[in-house]
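Since the structure of chain A is provided, determine the placement of chain B with the ligands on it from the hints.
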Amino acid sequence: MEFSTSPYLLKDTSVRRVMTQVLLALVPGIVAYALLIGPGILAQIAIATLTALAAEAAMLRLRDKPLALFLGDGSAVVTAWLVAITFPPVAPWWLTVVGVLFAIVVAKHLYGGLGQNPFNPAMIAFAVCIVSFPALMSQWPGPGSHLAPAQQLDWIFGLAPRLDGMTSATPLDALKTALRADEGHSGPLPFLAGNAQAVIALCYLAGGLFLVWRKIITWHIPTAFLGAMGLLAGLLWLWQPAGFANPVFHLLGGGAMLGAFFIATDPVSGATTPRGKLIFAAGVGLLAYIIRVFGGYPDGIAFAVLIMNICVPLIDMYTQPKVFGMKDQ
Amino acid sequence: MGLMQLFKFKGGVKPATNKAQSVTLPIAKAPLPSVVAVPLHQSIGGTPRPLVQVGDKVLKGQMIGEADGWISAAVHAPTSGTVREVGMYAAAHPSGLLTDCVVIEPDGEDRWIERQSVDYKTLTPEQVRELLRDMGVVGLGGAVFPSHAKTQASRSVPMEELVINGAECEPYITCDDLLMRERAAEVVKGIAIFRDLLQPKKVLIGIEDNKPEAAAAMAQAVQAAGEDFQVVSVPTLYPAGGAKQLIRVLTGKEVPANKRSTDMGVQCFNVATAYTAWRALGHGEPVISRLVTLTGNVAEPRNYEVLIGTPMDELLAIAGPKADTDGIIMGGPMMGFLVPEAKAPVVKATNCLIAHSPALFPPKAPEMPCIRCGSCAQVCPHELQPFEMYWFARAKNFGKTQEYNIFDCIECGCCSFVCPSRIPLVQYFRFAKSEIWARERDKKAADGAKTRFEFKQLRDEREKQEKAEKLAKAAAAQAAKKAAEAAAAAAAEGGAPAEAAAAPAAQSPEEAAAAAKKAAIAAAMERAKAQRAQAQPQNTDDLAPAQQQEVADIEARRARLRDIAKTELAHPEAHPAEAAPAAPADDGQTPKN
Ligand code: SF4
Ligand code: SF4
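Read top to bottom, the protein sequences are chains A and B. Okay, so the first sequence: first residue is 1 according to full-length UniProt numbering, each after it adds one. Okay, so the second sequence: first residue is 1 according to full-length UniProt numbering, each after it adds one.
Looking at chain A on its own, in the form it has when it is part of the complex (with noise of 0.2 Å):
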């Protein structure tokens, strides 16, 4: 008989689920993705899976750990999408395939594995390779620009030449360049294809709602996230509607809502007690909105995420709770 000690109840869950239900919340806003600027994201995130679990696989060969029990735990996927759907959607395949590999073998395993890691994997990889490659990194298909679906693989496997003029910034250097250029802006919503990116934001909103009431993550880092990152851009923008874009436009546009739920939620390397997790995301999108308004890359969250990062166990240590009974010790 094994002799195990209570509780010999246990819910019914375990990290592959966990994974799963964060992958599937991810898929309305991949299918917008898809539908409204190209499928090339989905051939993205295929080269970044496969690679994603070639490595996971070898590295844990390395280590002599159970393959079988954590290549299926599907974390190294749910870190593979996060890099796809980062990444520009037409990206040459490689910069994907160097993206993941940095991700999985250095920002994970390199640190012990599974639930080790200090950094978010995903932003390890945006930030090395927007660093290394930042043409590459920068080049997403322009407002109004409608790239085919052969021509989207085209460009990411490198069989035609890439044309500049068909790529541009994102919106948010777009904003950029226009505030600069004194042109103003008017439109409430990021312009970027339409209102493409506004959709897509509104789908990962949906998917994150979605992990909330399914309790894989909490209220507090989205909450956190965007309203610091909406009260800064608020105020700002109610001082100089002129020189900057109001919060709608940030909060839709760029990755802040897939920064709010799905990248700044990634709990290992996050702030885990809620008093924590609200200054680690206030601060996350807080940072990610003077970067990308005044620093010079076109978003923040990365770097912000990054940094952020860093101060997690002063986070921590500083925000426990008081346990039971003792509050008003």
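Possibly wrong hints are sitting among the right ones.
Listed next, the in silico DSS-like pairs over lysine-lysine satisfying Cα-Cα at most 25 Å (straight line) [claimed, not checked]:
#	chain 1	residue 1	chain 2	residue 2
1	A	Lys327	B	Lys364
2	A	Lys11	B	Lys364
3	B	Lys10	A	Lys215
4	B	Lys433	A	Lys327
5	B	Lys433	A	Lys65
6	A	Lys322	B	Lys8
7	A	Lys327	B	Lys253
8	B	Lys364	A	Lys322
Keep in mind that the hints were calculated from the coordinates and are not lab data.
This is chain B with the ligands only, laid out in the frame that chain A set:
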């Protein structure tokens, strides 16, 4: 059922209750077992002293173990028969260690002692408490704390609420449910006893809302008795039946780990405890049986009135365990344990036996690394951070586990229940706690040994010094004698020189002795000092402030002891009383703690 404001406790989980199986049939009486083995130690506190010997005939209800101290409770023969053994026997304990038992072979007559019902209202509270102790009344909710010791209100805080626990939140267990359904009137009478002892402003009976029949029966019994107890339905949420959780839900009070609930004007008893208190006083029946739910992988789940001491396998057989049964869980599936020895006897804490099978409780999935998802913290009713405690327990950094309040953990199992990584968190916490206790014990023993060693050293010094004194005295006496002889000789020769010689001789014995004593003390002190300095390298520099404080405290205590010892050295005859109890150096006794 009164309408009142309820409070919430944080966390909690909702496992499948699995209670329906065992409530369909009424309580039945379990047949007389072939043997009863009554463990002497069945409650928190002192182990009762056995009152019987092998070969003695005992009657049902006869006291066979007498309470040892105030926090202790007597044990009694569950049936009439012959004592076959007084010694080590299999125990209902996860450790698998044996325990002291009185093993009785039933004679089949089940003949009672003479039972006397008492009108407890004519007794003083003190007498009632003694009676409860001698009747073996202890907490039957599982904690088995002697009940009489919980019936004293705090001196400074008035008793506000008496909480009666009928929540029964653990899955599978239904014995309290059936007790309330069938014997509500007697439960109410028992509650009245506790009420009379504690004199609270109100009495709140908490029952989880998945037991409407029990709640209705209780409400009716309360009314019939003309009492003003409130029967309150509380939301079904494990562990609402934890004493602290139920107190929180009913009164809003949070009793911290370092406080007694009476210090906050509240006390809590289980319904079954109240029932036995009434049986003890109103019928003169000591606690020799209890209700046990037999359930799990059995053909006919049901509640039985079971004699304490009944072998578990024999008992479970009544319910017809199915073929693939591979173990017995005592208690519920959340906090119970697999009994290591199937013949272990039912004790006062045994509320439920669950036949274990791999189909019912599938083997646990392999443990994965913690992903810090925080689920465990969200469900912890004591608002702890289980994953942090786990991390440090695993690293054997037990100091840190204490910083994260591991001793506030009630081992309810909520954290393990939800952990997606299938980490047996509670197992780590039990391990960490037992390690901390073991180290505490070792440290105390070592401290004791060190203190004893120092006393022995000082005593040796004293003996040496006394020897030196004796020698000095002898030498002085010798000198005096010589001087006297010389003086006498001189006197024989002529008057004056005799005085001159006698004077120094007369002084010399005292002075010499005093000087020798002084020198001996000084030398002894020096040596002791040097030895102490050598024995205690001060490696206390890089400790945390709290630890340094602790070290400083210990040092201060030692210094005090040394001072006492020193005064003793200087005036050996002055404090004979102090030295005697303080220095049990060579008597070979181990320290009691
Ligand atoms: S529930 Fe398990 S995996 Fe999640 S934080 Fe707690 S211990 Fe870690
Ligand atoms: S077992 Fe301890 S740590 Fe786990 S939920 Fe219960 S009280 Fe909290």
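How the hints compare with the structure:
1. Proximity of A/Lys327 to B/Lys364 is assessed by CA-CA distance (about 36 Å); at most 25 Å being required, the pair is judged violated.
2. Note on A/Lys11 and B/Lys364: the hinted pairing holds, with a Cα-Cα distance of about 11 Å set against a maximum of 25 Å.
3. Taking the CA atoms of B/Lys10 and A/Lys215, the gap is about 15 Å. The hint holds against a cut of 25 Å.
4. Between B/Lys433 and A/Lys327, the direct Cα distance comes to roughly 24 Å. Compliance with the 25 Å bound is thereby established for this hinted pair.
5. Between B/Lys433 and A/Lys65, the direct Cα distance comes to roughly 30 Å. Violation of the 25 Å bound is thereby established for this hinted pair.
6. A distance of roughly 16 Å separates the Cα atoms of A/Lys322 and B/Lys8; the hinted pair therefore holds under the 25 Å criterion.
7. Note on A/Lys327 and B/Lys253: the hinted pairing holds, with a Cα-Cα distance of about 11 Å set against a maximum of 25 Å.
8. Restraint check: the Cα-Cα separation between B/Lys364 and A/Lys322 comes to about 32 Å, which exceeds 25 Å; the hinted pair is violated.
Hint compliance for this structure: hints 1, 5, 8 are not met, and every other hint is.
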